[in-house]
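Colleague: Spelled out from the first residue to the last, the chains are:
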Amino acid sequence: MLLLLLLFALSQGRPAYEAFLRWLQLPAIVAVSGVILMATVYHTATWFRLTSHILVVRLGRRVVPRGVVTFGLVTLWLALSAAVAYFTIWFAR
Amino acid sequence: MRERPTETGGLSLDEVLVDSEREITEEKRDLYLILPSRELVFWALFSAGGMVAAFLIPINVAILGIALAVGWLPEDALSFERVLELVRHPLAKVYLGILVVMPLYHWAHRFRFAVHHQVGIHGWKRLVATLCYGTAVVGTALTVWVLLRI
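Here the protein sequences come in this chain order: A and B.
Take the first sequence: its position 13, counted from the start at 1, is 13 in the working numbering, and no numbers get skipped.
Take the second sequence: its position 124, counted from the start at 1, is 1124 in the working numbering, and no numbers get skipped.
No lab work stands behind these hints: they were computed from the structure.
Hints may contain errors.
Ranges between beta-carbon positions, derived for each pair [what the hints assert, rightly or not]:
#1 B:HIS1122 to A:ARG58: 19 to 29 Å
#2 A:PRO15 to B:LEU1142: 18 to 28 Å
#3 B:GLY1120 to A:GLN12: 34 to 44 Å
#4 A:ARG58 to B:ASP1076: 23 to 33 Å
#5 B:GLY1071 to A:PRO65: 40 to 50 Å
#6 B:ALA1044 to A:GLU18: 19 to 29 Å
#7 A:ARG58 to B:ARG1149: 18 to 28 Å
What you are looking at is a predicted structure, and each value in this text was computed from that prediction instead of being measured.
For glycine and all other residues, C-beta sits at the position ideal for the given N, C-alpha and C.
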């Protein structure tokens, strides 16, 4: 939802966008964002745990162990996060 | 599992597939019987939305919600011009569309079940379902509209 608001502010022009960025930095909003961040990371952790139980990857006769699936998911998550961070912060500066 | 003849080539692909299907069917047959086919669409959207949410939302919240305010971002990283340029690229719009829209369906499905099974309201199933998925659909429309305007 936050992203949708940002995109809407962007579409409304510079003053709206910059006002939105200032709003994002209000202490109360940052506090809420902190809570949201903790909730999403918790969601990611439990989602990966669930996925490692139900995702069965077979290589020939053998099945990939659950720990390896989890490791793969976490690695993919870190890689995607790094890519998003790169594009959001540094690309085309 | 069938007895395997010891042959030099090992198992054929056919044998592996037949056996894997047998195992999966036995474990998941009950699930297939319980889920009516309409539900599968929403469940699939729920799964996809959950994947998107699990992988992509934490970093986005960390950047917009925390890093910006704390001052970890370089100057002008989120300047109006730069962000406008970034978002105008078609791939960026597709990415943002998926990022905003899929978790809505994830929420909708989960919230619907929360209302029935955690809050305890067992009636009005049609209404709850319509409100939940309807909200997700409205969110989708809004997102598409905003993205097209930029």
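Colleague: Next, verify each hint and record whether it holds.
Modeller: Evaluated hints:
1. B:HIS1122 to A:ARG58: 19 to 29 Å: 40 Å, violated
2. A:PRO15 to B:LEU1142: 18 to 28 Å: 22 Å, holds
3. B:GLY1120 to A:GLN12: 34 to 44 Å: At 42 Å between Cβs, range holds.
4. A:ARG58 to B:ASP1076: 23 to 33 Å: For B:ASP1076 against A:ARG58, whose Cβ atoms are near 49 Å apart, the range 23 to 33 Å is violated.
5. B:GLY1071 to A:PRO65: 40 to 50 Å: Roughly 43 Å apart at Cβ, these two residues keep to the hinted range, so it holds.
6. B:ALA1044 to A:GLU18: 19 to 29 Å: Given a distance of about 40 Å, which is not inside 19 to 29 Å, the answer is violated.
7. A:ARG58 to B:ARG1149: 18 to 28 Å: The hinted range 18 to 28 Å is violated for A:ARG58 and B:ARG1149, with Cβ atoms some 47 Å apart.
In terms of the numbered hints stated before, the structure departs from hints 1, 4, 6 and 7, listed from lowest to highest.
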